[in-house]
Amino acid sequence: MTPCRPSLTGVRRSVSQPALPFGLAHPWGVTCSDRTSDGVTTNSNETVSQISSARRTLSTEPSGPWSTNPRWPTAIVLSCYVALALFLTWSWWSPLGMRITAINGADMTLFSWLLNWTPHALLNGQFPLFSDKLNAPTGINLMWNNGMALPGLLFAPVTLLFGGLGTVTVLTTLGLAGSAATAYWCLRSLSVGALPAALGGGLFGFSPAMMAQALGHPNLVFNMLVPVLLLLAVRILLSENPQLKLAVLLGVIAGVQVLVGEEVLFDTGVVVALLTLMLVLSYPRLALSRAHLVAGGAFVALGAFALVAGVPVGYQLLGPLQQKGSPFPTSDFGADLAGYVVPTERLVFAWHSAVEQSKNFPGRLEEHTAYLGWPLIVLCMLALVLRWRNAWVRIPMLVALAVAVLALGEQLTIFGQKQGVELPWKLLSELPGFEQVITTRFALFTAGLIGAALAFALDDAFDQQASVRGAGLAAVTIAFVPLLPLPLPGRDVPTVPAFFTHRATQDLACPGGSALMLPFPRGISPDAMLWQQAAGMTFAMPGGYFIGPGANGRANLGGQLSKTGALFIGVMTDGRLRQVTPAMRRDFVADLHRWKACTVVLGPARNFDVLRKQAATLIGTEPEQVGGVLLWRDLSSVPVT
1 MTPCRPSLTG
11 VRRSVSQPAL
21 PFGLAHPWGV
31 TCSDRTSDGV
41 TTNSNETVSQ
51 ISSARRTLST
61 EPSGPWSTNP
71 RWPTAIVLSC
81 YVALALFLTW
91 SWWSPLGMRI
101 TAINGADMTL
111 FSWLLNWTPH
121 ALLNGQFPLF
131 SDKLNAPTGI
141 NLMWNNGMAL
151 PGLLFAPVTL
161 LFGGLGTVTV
171 LTTLGLAGSA
181 ATAYWCLRSL
191 SVGALPAALG
201 GGLFGFSPAM
211 MAQALGHPNL
221 VFNMLVPVLL
231 LLAVRILLSE
241 NPQLKLAVLL
251 GVIAGVQVLV
261 GEEVLFDTGV
271 VVALLTLMLV
281 LSYPRLALSR
291 AHLVAGGAFV
301 ALGAFALVAG
311 VPVGYQLLGP
321 LQQKGSPFPT
331 SDFGADLAGY
341 VVPTERLVFA
351 WHSAVEQSKN
361 FPGRLEEHTA
371 YLGWPLIVLC
381 MLALVLRWRN
391 AWVRIPMLVA
401 LAVAVLALGE
411 QLTIFGQKQG
421 VELPWKLLSE
431 LPGFEQVITT
441 RFALFTAGLI
451 GAALAFALDD
461 AFDQQASVRG
471 AGLAAVTIAF
481 VPLLPLPLPG
491 RDVPTVPAFF
501 THRATQDLAC
511 PGGSALMLPF
521 PRGISPDAML
531 WQQAAGMTFA
541 MPGGYFIGPG
551 ANGRANLGGQ
561 LSKTGALFIG
571 VMTDGRLRQV
581 TPAMRRDFVA
591 DLHRWKACTV
601 VLGPARNFDV
611 LRKQAATLIG
621 TEPEQVGGVL
631 LWRDLSSVPV
641 T
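Each step along the sequence shown adds one to the number in our numbering, with nothing skipped, and position 636 is 636.
The hints are simulated quantities; they were obtained by calculation from the structure and are not laboratory data. Don't take every hint at face value.
For lysine-lysine, the following DSS-like pairs were computed, each having C-alpha atoms within a straight-line distance of at most 27 angstroms [said to hold, decoys possible]: (1) 324 / 245; (2) 563 / 596; (3) 359 / 426; (4) 613 / 324; (5) 324 / 426; (6) 418 / 359; (7) 613 / 596.
Okay, the calculated beta carbon distance ranges per label pair [stated by the list, open to error]: (8) 364 / 428: 30 to 36 angstroms; (9) 465 / 311: 28 to 34 angstroms; (10) 307 / 364: 34 to 40 angstroms; (11) 329 / 282: 22 to 28 angstroms; (12) 299 / 381: 23 to 29 angstroms; (13) 277 / 123: 42 to 48 angstroms.
This structure is a prediction, so every number in the text was calculated from the model and none was measured. Note that the Cβ used here is the ideal one computed from N, Cα and C, for glycine as well.
Generate coordinates for the entire structure from the input sequences, incorporating the hints supplied.
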């Protein structure tokens, strides 16, 4: 018996398709017992409203010379995804580990450090979800820092060979290609033809939203599990007799996603909730009849999730350095309404005036994620009208619309100006968990849902006459062309002084203590985190670029900033030497004692000479030059007054 996709319009098609995942011939609980004379499998109690012809394009059982290899369409699609991902990230590959994004180097440095920490901790018998190497001596809780512990473990060989930056490059490349591939695979498992599925998967994996987040956020790009989570959730929602293994798989994969990217998992949960709501509104009787089955599956999934993710989530919520809220002003990070039709500088077909307008959008370039373009928006409207009766088109398209509204945030913003109009997210933003969400990132799901809906619509068009097939493919092509991204920009990694690769292990040895790095490590000056990685994580240091609790317990970038840290950041920023007062010196000595600082190191920095003078004045001695840095070895004689 041929597997079939349940059609909420009463249509079931018997077509050539790949084997369904997890070894389930009938994951929907469909009997497919009666077959029409046209080969269409139906239930006896259903009315067939439409008979679909066999797939005509890129069938998995093609005729001709390809018939001996029915998997050739998938091989071509995946090869194209990988080639495109490599092309877009190539500026980071040559040489691997020695290149960094030219736009968001601080975030890429942070993830390089996080991916370095996991294998270092495990090799040295340390708990990988906590580190005292930054923010010494308090440390950081990595569950509040998108630690990507699982990729850090799986890609440890890459990190050991090419460093954390090399791993970020590999994860970003695999994230783009792999996210597209799993979306393609999920669509194929629902009987969508290879070409429509390839286009739908490509829109998810290489959307403007995904390419924007690729500018330094591998945790928001490595989304290979997201389509699988959505597919499993939909199967449980629609199955007449959902199998237990589906719920277990959903819970396990959700638990695994916690160790890849918690934020993406939370957003996926919001999308699943919207899909559920849309199905209930569309089919209330069906929803009522299956409510107990869905509730049972959800309970099982939650139990499996707790077994996999209970320890890391518990450590985050109950462990050290608990914090509230978000370090970002989330109310200012909504997508700009104009951003849906005004391209940014990261797109091939962006014109100068549009780029200038896009610079007014909230947030930095990596958060300018909304763009869809007029051609795609018009195509979505046409598909929704022409295929309204097809629930596989209608429901994901309506959910995409809802997600696009949520992406706008709390207030409507147009060209960077607040319009004073409150939006639905305002009702959710104060709920537990929701206050930490940066809504622009919902655009990742907007593109994916549109891609799925268009894949189903185009798949239907391919079952029509040649003119309809051609018109459908031409329309999708025209809509996708404005979304073509530019390659990710890269630059050379800042030079790491030889001191950190040759002398740091000996000269910074301070058991139980730390080394004060200058420029003081922070978001605007994270280079010391690269130096620490080059030294093999052999020393701890105050400060760093991370998320930690501030003085009021709320999440803050860099945690609670010390007075000495603020002093050196100010000197580096404005290049102005501060007159040392007794109060400043007392604060400096108190911070050195609290940090248990044994040495001070000044490496390459903006306003280097002023930083040297400020440090020498506070310490009371001149440094020695060692391996490209200035080093104050003995801090025992620092004057108190």
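Comparing the hints with the structure gives:
Between residue 324 and residue 245 the CA atoms are separated by roughly 36 angstroms; this puts the pair beyond 27 angstroms, and the hint is violated. For the suggested pair residue 563 and residue 596, the alpha carbons sit about 16 angstroms apart, so the restraint of at most 27 angstroms is met. Proximity of residue 359 to residue 426 is assessed by CA-CA distance (about 25 angstroms); at most 27 angstroms being required, the pair is judged to hold. Only pairs whose Cα atoms come within 27 angstroms are accepted, and residue 613 paired with residue 324 is rejected, the gap being roughly 39 angstroms.
Note on residue 324 and residue 426: the hinted pairing holds, with a Cα-Cα distance of about 18 angstroms set against a maximum of 27 angstroms. A threshold of 27 angstroms between alpha carbons decides the hint, and for residue 418 with residue 359 the separation of about 15 angstroms falls inside it, so the pair holds. Restraint check for residue 613 and residue 596: satisfied, since their Cα atoms lie roughly 22 angstroms apart, inside the 27 angstroms limit. Hint check: residue 364 to residue 428, Cβ distance near 24 angstroms, so the stated range 30 to 36 angstroms is violated.
As the Cβ distance of residue 465 to residue 311 is approximately 57 angstroms, the hint placing it in 28 to 34 angstroms is violated. In this structure the hint that residue 307 and residue 364 lie 34 to 40 angstroms apart at CB holds, the actual value being about 38 angstroms. In this structure, residue 329 and residue 282 break the distance hint of 22 to 28 angstroms, their C-beta atoms being roughly 37 angstroms apart. Checking the proposed 23 to 29 angstroms range against residue 299 and residue 381 shows it is violated: the Cβ atoms sit about 39 angstroms from each other.
For the pair residue 277 and residue 123, the supplied restraint of 42 to 48 angstroms holds, since their beta-carbon distance comes to about 47 angstroms.
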